[in-house]
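Chain by chain, the residues:
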Amino acid sequence: MIELRGCRKAFPGRDGQAPVVVLDGVDLTIRAQEFVCLLGPSGCGKTTLLKAIAGLVPLDEGEIRIDGRSVTGPGNDCAMVFQDFALLPWADVLSNVAFGLELRGVPRATREQRAQELLAAVGLGGFERHRPRQLSGGMQQRVGLARALAVDPKILLMDEPFGAVDAQTRRLLQEDLLALLDRTRKTVVFVTHSMAEALRLGDRVVLMTSRPGRVRDTIEVGLPRPRPPDIEKHPRFVELKDYLWQQLREMNA
Amino acid sequence: MLAHRLDSLLLPSCTETMGALARLVDTAELWEAVWISNQAMVLGFLLAAIVGVPLGLLMGRWRRAERYVDPYLNILLVTPKSALIPIVIMATGLGLLSRLLVVFISAIVVITVNVRTGLRMVDPAWVEMAQSFGATEGQLWRKVFLRGGLPGILTGFRLGLARAVSGMITVELLLVAVGIGRLILDFEGMFDAPSLYATVLVVVAEAVILLQGCRWLERWMAPWAGEGVAR
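Residue numbers (our numbering), protein chains in the order written: chain A, 1 to 253; chain D, 254 to 484.
Fair warning: there could be bad hints in the mix.
[Unchecked claim] Here are the simulated lysine-lysine pairs, DSSO-like style, with alpha carbons at most 30 Å apart:
#, chain 1, residue 1, chain 2, residue 2
1, A, Lys-241, A, Lys-186
2, A, Lys-186, A, Lys-233
3, A, Lys-154, D, Lys-396
4, A, Lys-186, A, Lys-154
5, A, Lys-186, D, Lys-396
Derived by calculation from the structure, the hints in this document are not laboratory data.
Model the full structure from these sequences, guided by the hints.
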């Protein structure tokens, strides 16, 4: 379980301008094995919130607890998947997937075997010796996902992971992600600015406002799982999407 | 007649130069000169690398270090090396040390600047990714900064080596007449243009071999980098 209480974060303004408050008074509780999508316009601090959960960004005020323990820095509970993949170009795919385990001191044979299993799980068996730049964007993000899953985290933090790939690939990645999560239950915090993506994937959608970033609304999605490919035609999906649209329009007004 | 003599003085024919080169490589004189010059070059370059690489790494990693070091680096960058040579010689005499120092001054700026640039090419996303897996500062250096900065470091070595070779010749020509510079001055005094050109050819050949070696090293150690680091 992840508990966020009164989270506030401001970044110093440029050239003597007032500090930019990116998060202000954010309260949120994420249940174990829940899939929560943080939805909001660019600059609403959703990425900062994700990094705060990961222990990468210290908060100015408030507290984040994971299973009751306060987050003070990067720990072993979370693993992150990055928007721009963040793969190491000098290392082959296998070493990239094993990188998190390498940093945690897992012996080479063990970590490479584990990496091999995960590559197979994300559908990249046989690409072990390729370099990231030889792969397409979608394949690169599969490597990023395998790297995060390799350390077997309780919590998967995903920062617009499918934002940099084309629409078709995006759909396939979403379906594969859900299938993977069916096998290994994880708590997922997923940042996106796509309403359809949030509804297709999430158990709950957290709608955020920008500057300062606050939680405007949280919506229980309540769509059946496993989610069928044509979930977008589901009346509930249509209804929620309309609702989210309306909210976003009001935020811009 | 006069025109022809002048021509062969300024621009000896290829055959003449090659003939002189063939004679020259047979003499102990040339190899002794190469040996003497290269002592200063190699030692000066190593010193520049030993100081320049950590300095560049420091500047690339911490903005504050950059703020302190950058002005001095810029001064060194814009000052003509030939203006510094008399000062170095006044301070350290006409020995190996002064030549070594001139080579050092010539090479250190490009090494530092390129290592810094190399470290800047390390994508912040790689650093953040490593940190998210709990990487320590030591692990960050070993597994991210030094790996990701390697192309810049190697480029710094290559360009630094080029500067070191030219620094070595400059100081020998201008003030401390030893080694290859001495040889060039001797041939100049004797109006022996073919030998003069042959000597220059030897220097150029050495530089080209060294730089090609560096290029090969870059391609072998950091094939992923491709093009893109300042050259």
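These are the hints, each one checked on the structure:
For the hint pairing Lys-241(A) with Lys-186(A), the CA-to-CA distance comes to about 25 Å; that is within 30 Å, so the pair holds. A C-alpha spacing of about 27 Å is found between Lys-186(A) and Lys-233(A), which places the hinted pair at or below 30 Å, so the restraint holds. With a CA separation close to 25 Å, the supplied pair Lys-154(A) and Lys-396(D) stays within the 30 Å bound. Our distance criterion of 30 Å between C-alpha atoms is met by Lys-186(A) and Lys-154(A), whose separation comes to about 6 Å.
A hinted pair counts as satisfied when its Cα atoms are at most 30 Å apart, and Lys-186(A) with Lys-396(D) qualifies at roughly 28 Å.
Checked against the numbered hints listed earlier, the structure breaks none of them; every hint is satisfied.
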